[in-house]
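*Asks:* Grab the two chains, each in its own frame, and use the hints to assemble them into the complex.
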Amino acid sequence: EDQVTQSPEALRLQEGESSSLNCSYTVSGLRGLFWYRQDPGKGPEFLFTLYSAGEEKEKERLKATLTKKESFLHITAPKPEDSATYLCAVQGFIKAAGNKLTFGGGTRVLVKP
Amino acid sequence: SAVISQKPSRDICQRGTSLTIQCQVDSQVTMMFWYRQQPGQSLTLIATANQGSEATYESGFVIDKFPISRPNLTFSTLTVSNMSPEDSSIYLCSVVGQGSYEQYFGPGTRLTVT
Chain A
1 EDQVTQSPEA LRLQEGESSS LNCSYTVSGL RGLFWYRQDP GKGPEFLFTL
51 YSAGEEKEKE RLKATLTKKE SFLHITAPKP EDSATYLCAV QGFIKAAGNK
101 LTFGGGTRVL VKP
Chain B
1 SAVISQKPSR DICQRGTSLT IQCQVDSQVT MMFWYRQQPG QSLTLIATAN
51 QGSEATYESG FVIDKFPISR PNLTFSTLTV SNMSPEDSSI YLCSVVGQGS
101 YEQYFGPGTR LTVT
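Protein chains in written order, with the working numbering: chain A, 1 to 113; chain B, 1 to 114.
The set of hints was computed from the structure by calculation and includes no laboratory data.
Treat the hints loosely; a few may be bogus.
Just some of the chain B residues that point at chain A, by a computed CB distance under 7 Å [said to hold, decoys possible]:
no., residue
1, S42
2, L43
3, L45
4, V96
5, Y104
Below, in silico cross-link-like pairs of lysine-lysine (DSBU-like), each with a Cα-Cα straight-line distance of 30 Å or less [unchecked claim]:
no., chain 1, residue 1, chain 2, residue 2
6, A, K42, B, K65
7, B, K7, A, K100
8, A, K100, A, K57
9, B, K65, A, K69
10, A, K57, B, K7
Given the structure is predicted, the values throughout are model-derived calculations rather than measurements.
Heads up, the beta-carbon is just placed ideally off N, CA and C, and yes, glycines get one too.
In isolation and in its complexed conformation, chain B is listed as follows (with noise of 0.2 Å):
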């Protein structure tokens, strides 16, 4: 399976600001998500990032609050805009490889915004 590893790993930010999320893999994937994981409950995919074109987002999650970048096949990165407390969460990147369906997920990103 792929390593994947995210920066940083937590953060405590003010209401009002943003924070950029990476997502580095050590080999190629074919596709890269982003997942949400409020405290205490399960995980809640945000957008499939795609490699070359604007990322497909689910339901309740919109662009100008998570811009997301794929510039190639190993990298992604997540922003969290404007930031207010409900925005405290987990936030976890997962790939899935060549020629696979299954979804490998990396340590997470804590986030705490007061």
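This is chain A alone, in the form it adopts within the complex (with noise of 0.2 Å):
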């Protein structure tokens, strides 16, 4: 069975604080892995898609990252606009699994300005 743990649980930065929140997962076969955002009494806003090891894509502040046993999202001088939870999702290749994406239980940001 798939498993994905993210930590911390919750992160408090300052503006401008850079820091990194790990995804750490097993899976059978990766297809992808992938990022999302999510702001409070909103559905998951979709970041990224990482497929292979080694891989990495960048938007805006956030850069994530991929190994062969983890995913880290790397978020650079951060402004209060980044607070939000951040959640991480696999994706096996299993066929009878489909697109089932497994989550793991999401990064709390929070950026005081």
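*Replies:* See the structure below:
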């Protein structure tokens, strides 16, 4: 069974204080690892898909990286508007699972001005 | 990415009643899913909504409690039946476009059962 663990559960940052979020996973053949941002009361917003170890993707102050066992979401010089819960999910290659995503518990990020 | 809408956006329901949630997409998609997000928790997949056939349910979820329909490639409904306070959650639909693995989520339906 696919498993995803995110750490830390919560992160308080000062504006401009860079940090990283961790997503550790076990999956029977990784088809893709996905990062989402979720604001309170809203549905998850798609950020990145990573497919293979060594891959990196960037969007504004966010950069996602992938190894064979974990992914990191780096937040560089965060601003208060980066405050949100960041969710990591994996999708395996098992045909019977289809496009099923298995989510981690999320990391709640609060950026203070 | 597809534009996804859900109705209602929120509702407060009495114990023992049922609520049907609608998910509408502005373009044809290959796959549609329904997730539950309990208060303070992450997302759990309820089922895959299959067009023209019965939904595929995850362990712990059954058709009698969560009947799902998907009559075409842009629309699906999830019914939460015989509700109890434990069903109070956010219910989210998601879609996968053609030729893609990426899932996009609707805004969610916040359900409170009293």
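*Asks:* Indicate, hint by hint, whether the structure satisfies it.
*Replies:* Here's how the hints hold up against the structure:
1. S42: holds, 5 Å
2. L43: Where the cut-off is 7 Å and the nearest Cβ of chain A is about 5 Å from L43 of chain B, the hint holds.
3. L45: holds, 6 Å
4. V96: Status holds, d = 5 Å.
5. Y104: holds, 6 Å
6. A:K42 to B:K65: holds, 25 Å
7. B:K7 to A:K100: Roughly 23 Å between the alpha carbons, so the hint for K7 of chain B and K100 of chain A holds.
8. A:K100 to A:K57: This hinted pair holds, its Cα atoms lying about 22 Å apart.
9. B:K65 to A:K69: violated, 36 Å
10. A:K57 to B:K7: violated, 34 Å
Violated hints, in rising order: 9, 10; the structure is consistent with all others.
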